[in-house]
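Colleague: Sequence:
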Amino acid sequence: MKYRIFGKTNWKVSEVGLGTWALGGGWGRVSESDAIGVLEKAMERDINFFDTADVYGDGKSEQLIGQVLKSTDQKIYVATKFGRRLDPHVSSGYTKD
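In case it helps, my numbering puts the sequence shown at residues 9 to 105.
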């Protein structure tokens, strides 16, 4: 695996990251054991950068990542996003206040 420094953070992250929308069930049902297997396989392949968001399965992918992180000493970096609610999509949630 090749690595790069992430911005000004000095984090050494894998050039290939794992997006976890599908693990949260965004593209259909995924069993917890299959999702954990995907995360573990990615780590076996030296992927250390995971992307997630609170809307991926209503927090399910974040929960799964946390579960896997508890069981490893490997240095893993997680990028997450928050604050966007898709269902129902309400514009009142997007204000400058």
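Derived from the structure by calculation, the hints contain no laboratory data. One or more hints might be untrue.
In silico DSS-like pairs for lysine-lysine, Cα to Cα no more than 27 angstroms straight-line [stated by the list, open to error]:
id: 1; residue 1: Lys49; residue 2: Lys89
id: 2; residue 1: Lys89; residue 2: Lys20
id: 3; residue 1: Lys78; residue 2: Lys20
id: 4; residue 1: Lys10; residue 2: Lys83
id: 5; residue 1: Lys78; residue 2: Lys89
id: 6; residue 1: Lys68; residue 2: Lys89
id: 7; residue 1: Lys78; residue 2: Lys10
id: 8; residue 1: Lys16; residue 2: Lys89
id: 9; residue 1: Lys83; residue 2: Lys16
id: 10; residue 1: Lys10; residue 2: Lys20
id: 11; residue 1: Lys83; residue 2: Lys68
id: 12; residue 1: Lys83; residue 2: Lys20
Model, not experiment: these values are computed from the prediction.
Colleague: Each of the hints needs a verdict: does it hold here or not?
Modeller: Hint check:
no. : hint            : in the structure
1   : Lys49 <-> Lys89 : 23 angstroms, holds
2   : Lys89 <-> Lys20 : 20 angstroms, holds
3   : Lys78 <-> Lys20 : 20 angstroms, holds
4   : Lys10 <-> Lys83 : 15 angstroms, holds
5   : Lys78 <-> Lys89 : 21 angstroms, holds
6   : Lys68 <-> Lys89 : 13 angstroms, holds
7   : Lys78 <-> Lys10 : 25 angstroms, holds
8   : Lys16 <-> Lys89 : 19 angstroms, holds
9   : Lys83 <-> Lys16 : 18 angstroms, holds
10  : Lys10 <-> Lys20 : 10 angstroms, holds
11  : Lys83 <-> Lys68 : 21 angstroms, holds
12  : Lys83 <-> Lys20 : 9 angstroms, holds
Of the numbered hints listed earlier, not one is contradicted by the structure.
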